[in-house]
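Colleague: If you read the protein sequences in the order shown, they are chains A and B. Under numbering that gives the first Met the number 0, the first residue of the first sequence carries the number 0, and numbering increases by one thereafter. Under numbering that gives the first Met the number 0, the first residue of the second sequence carries the number 0, and numbering increases by one thereafter.
Treat the hints with care, since some could be wrong.
If you want the footprint, here are the derived chain A segments under chain B, 3+ residues with CB under 8 Å [stated by the list, open to error]:
| no. | region |
| --- | --- |
| 1 | 276 to 290 |
| 2 | 323 to 337 |
| 3 | 354 to 362 |
| 4 | 471 to 480 |
Cβ-to-Cβ under 10 Å is the rule here; a few derived chain A residues that face chain B [what the hints assert, rightly or not]:
| no. | residue |
| --- | --- |
| 5 | L299 |
| 6 | G301 |
| 7 | S351 |
| 8 | T365 |
| 9 | R388 |
| 10 | E389 |
| 11 | K420 |
| 12 | T424 |
DEER-style ranges, computed between Cβ atoms [what the hints assert, rightly or not]:
| no. | chain 1 | residue 1 | chain 2 | residue 2 | range |
| --- | --- | --- | --- | --- | --- |
| 13 | B | G18 | A | F26 | 18 to 28 Å |
| 14 | B | Q99 | A | R150 | 55 to 65 Å |
| 15 | A | D105 | B | G311 | 26 to 36 Å |
| 16 | B | A192 | A | K319 | 42 to 52 Å |
| 17 | B | R322 | A | A385 | 36 to 46 Å |
| 18 | B | R322 | A | D171 | 30 to 40 Å |
| 19 | B | R322 | A | A85 | 16 to 26 Å |
| 20 | B | G18 | A | R382 | 43 to 53 Å |
| 21 | A | K319 | B | R322 | 30 to 40 Å |
| 22 | A | A238 | B | R16 | 30 to 40 Å |
| 23 | A | D105 | B | S248 | 42 to 52 Å |
| 24 | B | A192 | A | F26 | 27 to 37 Å |
In short, the hints are calculated from the structure, not lab data. The structure presented is a predicted model; accordingly, all values stated were derived computationally and were not measured. Even for Gly, the Cβ is constructed at its ideal location relative to N, Cα and C.
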Amino acid sequence: MTAQQAPLADAAMPQPLLALEDVTKTFPGVVALDGVRLELHAGEVTALVGENGAGKSTLVKVLTGIYQPDGGRILLDGRPVAFRTAHHAAAAGITAIHQETVLFDDLTVAENIFIGHAPRTRFGLIDIGAMQARARELLDGIGARIDPAARLRDLGIASKHLVAIARALSIDARVVIMDEPTAALSHKEIAELYELVEQLKAQGKAILFISHKFDEVFRISDRFTVFRDGQFIAEGRTADVTEDDLVRLMVGRAVDQIFPKRPAAIGDPILTVAGYSHPTEFEDIGFSLRRGEILGFYGLVGAGRSEVMQALFGITRPAKGAVRIDGKVRVIRSPAEAIAQGIVYVPEDRGSQGAIIGLPIFQNVTLPSLARTSRHGFLRLAREFALTREYTGRLDLRAAALDQDVGTLSGGNQQKVVIAKWLATRPKVIILDEPTKGIDIGSKAAVHAFMSELAGQGLSVIMVSSEIPEVLGMSDRVIVMREGRIVAELEGEELTPETLVRHAAGISEAAG
Amino acid sequence: MTDTAATERHIPDRLSRPGVRLLRSWEALLLIVAVLIFTANSFASPYFLDAWNLSDATFNFTEKAMIGFAMALLIVSGEIDLSVAAIIALASTAMGAAVQAGAGTPELLAIGLGVGLLCGTFNAVFVTVLGLPSIVVTIGTMSLFRGLSSIVLGDQAYGGYPADFAWFGQGYVWWVFSVELVLFALLAVGFGALLHLTNFGRAVYAIGNNQTAALFSGIRVRRVKFLLFLMTGLMSGLAAICLTSRLGSTRPTIALGWELEVVTMVVLGGVNILGGSGTIPGVVIAAFVMGLVTFGLGLLNVPGIVMQVFIGLLLIGVIALPRLWSRIGARRR
C-alpha cells in the first residue's frame with residue numbers, strides 16, 4: 000500500500016489551503032485526537048474516513064472553533080491560526096454541514112439560512128425581501144425547490160438538509176466541511192449533491208467530505224485521509240487505492256464479509272398484518288413475518304415505511320386493519336403494550352427517540368426491562384449492571400464505564416446501547432429502522448452479524464433500510480413501498496438492485 | 000461474530016467510587032453553606048443555640064418542604080405546579096367552612112386532603128389529557144383556586160377549629176420534635192426512596208431527560224405525570240392541614256406567595272428547573288438552609304421584606320458561584 004503518494008504529475012503540490020499539524024485533543028479519560036495531520040487543497044475534495052470513534056467529529060469541531068485543540072497547529076494559507084469561537088472559524092471562511100443538522104424549526108427557511116448574518120436595511124433592521132431573494136438564489140443554485148418563506152417545521156428531513164447546505168454556502172466559504180451529507184437524502188438528491196460538490200470544486204473551494212459510504216468516497220473525492228482511534232493512519236490520492244485498501248487502513252485488518260447473513264431456519268408466521276391503513280400516511284398494508292426471518296423494507300425517503308412501523312409499535316394509531324401475533328388478533332395502543340407483546344422498535348432518529356442523553360448507559364439499557372430487574376417496584380442495581388453487561392458485551396460496546404452518560408459516546412456506540420436496550424427485553428419481533436445509518440463500517444458489521452445471529456436464534460427481524468447493499472445482503476425477503484403502499488414483495492432471484500430501484504421509484508418494466 | 004468484534008473489552012460498572020462522587024456533588028456544597036449559616040447564626044445571636052428555638056425555626060420550612068418534595072419530582076419530570084399555594088388557600092377555606100357546619104377533626108382531615116387531591120386531578124387532566132403546558136395551566140388554576148377561596152371567604156376569617164385539630168400544627172411527638180418535623184422527616188425518606196430507589200423514580204428521570212425516548216421505551220409517560228400532579232395536590236392538602244392547624248384560623252392571605260418559595264427551595268436543592276436531574280437529599284438541605292436564614296435574620300430583628308432580599312441573593316449566589324468558579328479556572332489555563 001503506497002499511502003504517501005507523490006504529488007500530481009502536472010504541477011508541484013501547491014501549499015495547502017488549510018493544514019493541521021500534530022493536533023491533539025483530549026477529554027477526561029479519552030484521547031480523541033492524538034497528534035493528527037490533515038491537508039485540504041483548493042479545488043479538491045478530501046475524504047476523511049475512519050470508524051466511529053476515530054476522531055472525525057472531534058476534528059470537525061476543532062476546525063469550526065467549537066473545541067480548542069490541546070496541542071498542534073492549524074495553518075490557513077501557511078499561517079498559524081487559532082479559532083477561539085465558532086464565529087472566528089466562520090469569519091476565516093470555514094463552514095460545516097453537520098451530520099445532525101442544527102436548525103430552528105420555528106423560523107422560516109430564509110431566516111435559517113441567514114441567521115447571524117442577515118442582510119440589513121439602512122436602519123439596521125433585517126431586509127426580509129433581500130434575504131428571501133438571496134435564499135431563493137442559493138436554493139436554486141443547489142437545485143432545491145423549497146419556498147424561502149416556508150417554516151422549517153413543515154419540511155421533511157431531506158429538505159431540511161438542503162437548507163443546511165444552503166446555509167453553509169451563504170457564508171462566503173473557502174473551506175466546506177460535509178459531515179455525512181447524504182445520510183438523509185434520496186437518490187435524486189444525492190445526485191444533485193454530487194453536482195453541487197463539483198460546482199464548489201470549480202469555484203476553488205477546499206472540501207472535506209466525511210462519509211461512511213465507500214461508493215461516495217470513490218465517486219467524489221480526489222484525496223483521502225484515514226484516521227483510526229484518534230490517530231492519523233494514511234493519506235493519498237483516491238485514484239491510487241482500492242476499496243479493500245481503504246477498509247484495511249480503517250479497521251487495521253481486512254473485513255472480507257460485510258454482510259454475514261447466515262441461512263436460518265424460517266418457521267411459522269409470527270406477525271401478520273392485514274388491511275392496515277392510516278388516514279394520511281399509508282394504505283392497505285398487508286404482510287406476514289415468519290420466525291427467524293429478516294424482512295427488508297425498502298423505499299425512498301417518505302414512502303411511509305417508518306410510519307407503518309411506528310403504528311405497529313403503538314405510537315400512532317391506524318384507522319383500520321388487523322394485527323395478529325402468533326395467530327391472535329392484538330390491538331396495540333402504546334409502546335408499553337407493544338413491548339409486552341414482544342414487539343420492539345429501534346427508531347431511526349437516535350438522538351431524539353432512541354438514546355436518553357443525560358442518563359447513564361446502564362439506565363438506558365434497562366429502562367424497558369425494569370419490571371424484570373426490580374423487585375416489588377424497587378430497583379436492584381446489581382441486576383441492572385449484569386443485564387447491561389450481558390447485552391453490551393455481545394455488541395462490543397466501547398465505553399469507559401457503564402455509569403457513563405450515554406451522550407458522551409460516539410454515534411456507533413450509542414446505537415449499540417439502543418440495540419442492547421431492546422434485546423434485553425427478549426422480544427419476538429425486532430423492528431430496526433435504518434439500523435446502520437451514519438455509523439462506521441466496523442459497527443455496521445457488528446450490527447449485521449448480530450442481526451443474523453438473532454434470526455438464527457428464532458427472532459424475527461424487520462429491517463427498514465435505504466441502503467441497497469444492506470437490503471440485498473441481509474434480507475430473506477424484501478417489501479418495497481412507494482407513496483404509502485406496498486408495491487412489490489421480492490424474494491430470491493427477483494432481488495436485484497435494478498428491481499428494487501425500479502419498484503421504489505415507480506418506473507415501469509417496459510421503460511427500463 | 001465477525002473478526003471486528005474479536006477482542007472482549009472489560010468495562011467497569013462505575014467510573015469513580017460513589018464516595019468521590021458524593022464529595023463533588025451539589026449537595027455537599029449546599030451542606031457546607033448550611034453549616035456556615037448555622038455557625039454565623041450561633042455567633043450573631045445568643046438565642047440561636049437553644050433546642051426550643053431551633054425547633055421553632057423548623058416551622059419556617061416544614062410545610063413548604065412537604066410540597067417541595069412532590070414538586071421536586073414534578074420538576075425533574077419536566078413539569079411544574081404553580082397553583083400549590085392557591086390549593087392551600089382553597090383547602091383551608093373548605094376546612095374553615097366545614098368547621099362552621101360543625102365538622103370534627105376526622106372530617107377536616109378528609110376535606111383538606113380531598114380538596115388537595117381534587118385540585119391536583121384538575122391540573123393533571125389539563126396537562127396530561129389535553130396536553131397543555133403545565134406552567135400555563137397552573138398559573139391559570141393559581142388564580143382560579145385562590146379566587147374561589149376569596150369568594151367564599153370575602154374579607155372575613157374562619158376560626159373556631161376543634162381543640163384536637165391543633166395537634167397537627169402545634170403538637171409535639173417527643174421533646175422538641177414537633178408533629179410537623181416528624182412528618183417532614185417521614186416524607187423526606189418516603190419521597191427520597193420513591194425517586195431514587197424505585198422504577199417509578201427512574202421513569203421520572205427518563206421522562207425529564209427525553210420524553211419521546213422514554214415513551215418509545217415503554218414508559219407510560221402520561222400516567223407518571225398524572226400521578227405526580229396528584230401527589231403535589233395531595234401534599235398541598237397536607238400542608239393546608241398543618242398550616243391551618245398551626246395558625247388556628249383561615250385568612251384570605253393564607254400561604255400567599257408560597258408557590259415561588261417552594262420552587263426556590265427545590266431549585267436551591269439542585270433540581271434542574273428544565274428537568275432531568277436533582278435529588279431529594281438536596282431539597283432537604285435546601286429546606287434547612289432557607290429555614291436557618293429566615294430564623295437567623297428573624298432573631299436579629301431583620302424585617303420580612305429584607306429577608307426576601309436575602310433569600311433571593313442566596314439562590315442566585317449559590318447557583319452562580321460554581322459556574323463563576325469554573326469559568327475563572329478555565330481562563331487561568
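Colleague: Broken hints, numbered, in rising order?
Modeller: 1, 4, 5, 6, 10, 20, 21, 22
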